[in-house]
Amino acid sequence: MNDHLSQLEPIDVTLQVNGTPVDVSVPAHRTLLDALRDDAGFKGSKKCCADGECGACSVFLDGTLVNSCLVLAVETEGSDVTTIEGLSVDGLSDLQQEFLKAGAVQCGVCIPGQVVAAEDLLRTNPHATATEIRDAMSGNLCRCAGYERIVAAIQAAAETRVTIS
Amino acid sequence: MSGHGKPDDQITLGSAVGESVLRYGGADRVSGAQQYLSDLEFPDTAHVAFTTIESGCAQINSIDTSAAEQLPGIVAIVSADDLPNAKRFGISHQDRPLLATDTVNFHGEPVVAVVAESTEIARLAADLIEVDFTPLPGVYDLDSALADDARLVQEPDVRPGDPLNHSNVLETAEYAWGDVAADEPSAHVIVEDTYNFPMVNHFTIEPGGVIARPYEETGVEVHSPIQHPFLLQRILASIHDLPLNKVRVVAPDPGGGFGGKQTPRYEPLMAHLAMRTQRTCRLVLSLEENFQLMRRSGCRIHARTGFAADGSIVFHQMDVDFHIGAYADVAPRIMAKGSYVGAGPYRIPSVTVDARAVLTNTTPSCAFRGFGAPQVGWATESQIDAGARALGMDGLEIRRKNLVDAGEAFIRGDHEATADGHWHESLEKAAELLEWDTPKPPNRGRGIAVGIKPGATSGLSQSLVRLLYDGSAIVYAGTSDMGQGARTLWKQILSDELGVALEQITIISGDTESVPFDLQTSASRSTVFMGGAVLMACEDIRRRVLELYAEVTDVDPDTLDHRPGTIMTPAGTVPLVEAAQTALGKLRGEFVGQGTNRLRGKSGHPLGGDAAFYEFNATAIEVEVDPDTGEVLLVRHATVGDVGKELNPIQVRSQDEGAAIMGLGHSLMEQVMLDDNGCIRNLGALDYRIPTYNDVAVDMLSASIENEDGPGPYGCKGISEGALLCTAGAVGAAVADAIGVPIRDLPLTAERIWKAMQARDSATADN
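If you read the sequences in order, they're chains A and B. So in my numbering the end of the first sequence lands on 165, straight run, no missing numbers. So in my numbering the end of the second sequence lands on 1767, straight run, no missing numbers.
Just chain B, same shape as in the assembly (with noise of 0.2 Å):
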């Protein structure tokens, strides 16, 4: 199942794509030369920290900053009542102010900024300044933040307007299809239970932060590793009046993002501080400054559904109640998108999904891999293994028998989504790689799980492709690479589409000053969207040589075509580059071609437009148990994408490896928890675990299912996601096969599983 890269000069001209090419920038990565944000140096540099206090909701009497202030080398001491103008910025809600004003909102929301010649010195000022404050019943879970008496963790004049404004939910969203009512008779069995998913952190293992200075006399230059350098443009623009051409964003590499760095959080403040102190102002993160700037939602699913004799699903119920956090962020969507999906790839007669998005003084919750499918997927599949169990079938069979087939709709009613994919080919190759059918040695089990999330539903990327007069080439895309490698898929579609080695191709990226728009770095989209509008530039490129070859050599140019690396004379082909050689001439110069892909939403649509693809994957895990203690031990991971194409194998393998890996991290050890104050107590590495070498699989396999039917370059699909996305339900099956009894609260930690062992021993004990 492995794969070797490489390098670019081993690659045959024309044949880039589908070949394990090595990774764009990976030479930097490997020796310390890649710089991230706080590697950056700029001169004059003033540095930021924060004033926080120990509590997730309390209210703010009064700041005392002299003792701060008597310190050496302080630039600025910034608080809400120094900003009374300023505006709240988000994406879905303008909710979230630049410092707490009045109250504080979640454990570690900045109550004071403090600008200093030096980390350290800001950091002494920061410490020096005294927050008085009253604590005030927050609301840190979904029981408090929902009863009636609870507490609002938004004054409704925040959302003014707003029918739900007088309570914590923030949105809601509704799907069904069918009559429960009229096909529950028909049910042989009914299941019904409740499951939790955690709050889980990103952490990425670069913390994160932000350099903000003075651009063009009023604007400002803001360094942050942001996935969406295109929104942060727009959000700061706005919030700080100005026009996009004076708010430049530079957005140096993620180092890891996966849905983390996707919002503003610091910037606006940063920009701001910047702009107040005509400053470079710099701001990085700690480990655990970074638990308080993002999280997964949790979330609490009651799922109630039934199954005919044979297996079949005939009717699923889900109340899904996502604990989302102080601020919106992005969360309504998560709501929506992954509840939308939340009856799973089935053929279900009849559905009803009634979720919330419930506020909460706890960190804001922000996009993270999955995007909400993965907290109800969890439920959704632990209720099919529970059918299955009832009915004496295995977790194969029952999917077997309820997967749709390509082109079924699996989400019924007014806007069906159906199957793009052979799902149960990815279905049957995980059950295959896990060896099934196999013998089991005793406290071993086997799960197989299945998980599905739309891509994205909208969605404008736009490239610029420069052909040089030597035949090297410069590709611009918006596009932020973390890691999962796009720079390289540029390269290799350039290099096959034009004719060029890919040792003579540059990517620039990550500036908003130099690169075309791009409306988003999420949802798994980019292969799709803006390889295609790289594909497309290409193409652009293709047309404008053919055309100045036709004038210089003097043909008609309807007697002239275009291929990938060619063009097409009726003497013979020609290499482009060649072609582009002698249609530019003495003068030489360059061609420019330009690529706009774009997916228009479809309104009145619940998502706002049909997703572009599906992420699915299918995933079999075998578990040994460890009677006495509960631990886990894994013995085998088998995850199977349908990717369409894999445009970069090695890529891909290592894409889903990680995938499959990080959501062992929620299934079995991951959590954040707070104390009764809301503040975190499992802030920073020593007390929040994480996956590492010893927790993967014994074997770890992946594969993928290529049909070339997806709606990206070549047919390719996008993949980052899918093989996080069911691994909960698998471990849990796999664990529930191993013990005996299912446990539907994650992560499934040695403690929970030794308790349901021994409440097992003891119910059996009492017959």
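Next up, chain A with everything else stripped away, as it sits in the complex (with noise of 0.2 Å):
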């Protein structure tokens, strides 16, 4: 019994989310992406498959794009962890902008994970070719299946994206 309870001890991490410090208490085993929405209220990032393979609960961990159920949140000490809440501080980005325009949200639930994917795609590889898209957003599923209009939004901010850079 005692190693069951055990499990659930508390332990405490600091880490930064959207730019301001989060101090969580977390059992050993708690997921990044349960911290973020249970225990520090970014409830943005969503959970569909809990095992990598839906990309809906994508964020950032110190710039580089990961699923955040994949990440313990005892790994997170010290990290700097980017949700969907913080791609649009000063209202919608660009990039969300575009995917309201192209009809790209239809149940919406994948889509702030799309978003984060998105964001990451464009950061590095601003010139991405539909197929370079298609390949980089994979890890992404979309069950209302907008894959064809996500593309033509990440399309339109990129073309925006370079001609303003």
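You may find that some hints are simply not true.
Per the computed footprint, the stretches of chain B lying under chain A, defined by three or more beta-carbons under 8 Å from a beta-carbon of chain A, are [unchecked claim]:
#1 1398-1409
#2 1655-1666
Now the stretches of chain B that chain A is said to cover, found in silico as 3 or more residues with beta-carbon under 8 Å [said to hold, decoys possible]:
#3 1034-1047
#4 1685-1692
Calculated from the structure, these hints are not laboratory results. Backbone N, C-alpha and C define an ideal beta-carbon position, used for all residues, glycine too.
From the two separate chains plus the hints, produce the assembled complex.
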């Protein structure tokens, strides 16, 4: 019995979420996703498969795109996490607006993860072709299957960014 | 084929319908602010987890909860023994218990519910509970369920008085017209085969859940991402003996529905737990648990079809067995409705369709986009192509020959159904988009198929519209917005009908406490039914404005008239909002309009009534098959729907593309697989593949035929399922064209295709 309960012993973790320090107290097995949603109140990252297949929980961890369901919260001590909430501080980002204009959003549960993954793609490959977009985004599932619309949204945002820069 | 949506302030007043207005609620969906069920928080919440066993069919001998009870923070542990008076529930049959009672009837059926102070304690306790069980000889496929000595999935007393209750056949449906025996001699070619359609999971990205709370002293409030809040309210009231006003159902937007969130499953139990513990009880499902909550019924179809030498279909016979699972849910209706259109939209003199809904010890199947039509259509479309091959015709030519014209009957007999659209236009458009007649490179194949599904056969949608003094407005409409974008359409309709700017409209939905009755969000009905109710409520407001305006301005009301957005007076037209302000005067206030859109059924009709409309689709696909591996590359995928009118073109595109891509799932990769004990082998995302970005055709094209010939507002029809109805038929025909032999079992995995090619080559070698 004590073995079971000892799993639940909380461990204090301090991390930065969207630029703000956040203190959480979590059992060792709690994922970053659950800590973000249930302990820190950032519910924009969504939970679907919980095994790294669907991408709905995508966040930036120290600038790297990760599935937050595959990262333990205790591993993120001192880390800098950016969630979907951190991408629309002063209103919707260009990418988010393009998602809407392209008709890419249906039920919407996968969309925060799609937006985060697309942001990562645009930062690492600003001139991505449609094929490269499909490859880069293929870790994000959308059961409403707005795939073609999302590709169009990413292309539109990419064009604008390249023009501006 | 793309098209960009427009923000509200870029739409001219009075012309919102027909524009690609941006999705209502879209900003919250892209920013992560949208609150789905699992995002809701309530004070003092207790958490629920289930104990299940690793068997699809077992006798429960005993349950040991002693270890779990020792954990701190346990609120309640409940099994069927604690619910001696609990009623079974269901839509067509009241056959489902709150918790597994004496036996477990499918893998994942909850045996014990734990309520605890944290999710972790609840989960830990559920795992510590020991269920002693004896595996029983369950029936996990059609053959074992239909065997003479098959174990009954449901004890006869679950369905007292039912003549079929000593078998695993839950219900049957028979449709027939003409005389097959008389017509058979005129057939030049007869093709006969058996087809299989797999069990597939909805795989909603929101797996689902329920939050239940005490309400108004003796009542209960249930939050569920349910497509039919009012149906859930009725079931909860009935099972817990409560009046409707003591049951509040709050339905946050479903994170994907596709039919999977129509009917109550764990809500009655959760309501019980909340009332029993007087706590807010929260259950959030995992994707694995979602697999054990919903699926599409598998199907086996034996078909025999006769063709004249010119390709005309002479007769078509089908025996259809739906593999429905352990409880009825709405599967008997799916069996009846899917097989009603089993012979397709064709001109066939003689038809017999004999269908059965067969119980098995598997996840209870439920509604899923297409509602039985994709399963039966897979066989019929494949048979048409088999006939074409035998006669040396192509898939387009034989469909041109047999597809009915507008107004012509495709279901004959006592309850005839006629084509409510110019369906040949869709067929031709799909062929044109695919460039059907152009030369094909090696290893390529093309297929074209058509699909049809009856819309709702009865319905009731009620709506309230409040036009406020300052010219803003609120719509109350119970349709669940699960991604189809219903609320966007209500806004567009109201904007045009009352002359209110889009950004000044709010939509309220999903709460039985504040929103009037809506029967269902299903069968692609909402634009027609609720759209009509919103339109009626707007007209009601215009009449009220006219009356009061006449009184206040002291003119004869008979000299006034109203049009969308306008009151017509002898002195000229007055914008409706302006007339409303004049009429309301110094007291201000508001106008309230009501719309009720009712379609009564028809007694004696096999479906309970004529369909309000038919969804018709033509899909054409070109594939390239790798001759070494059997892998399929989709080169082009064209889908064309007969939609009446596109009220919001970009939403139509996204629904059609989404349905078309979803259809690729059951056509090419998806299937729920069971082991010998009836346990699901590919439970969850690691082992169950759905289409990704890389599975979409290189060219994905969608188009609509608009003849404004539907029964809905502005001549629209329902649209959200069409593009999935015949995806399998088109893919199947394309693969057969590429490899030279047909495959009759879905999904068309690389392995199946490779084997078919091997068999083809060895058959050639033998000759």
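Check your understanding: Which of the listed hints are broken here?
Key -> Of the numbered hints given earlier, the structure breaks just one, which is hint 1.
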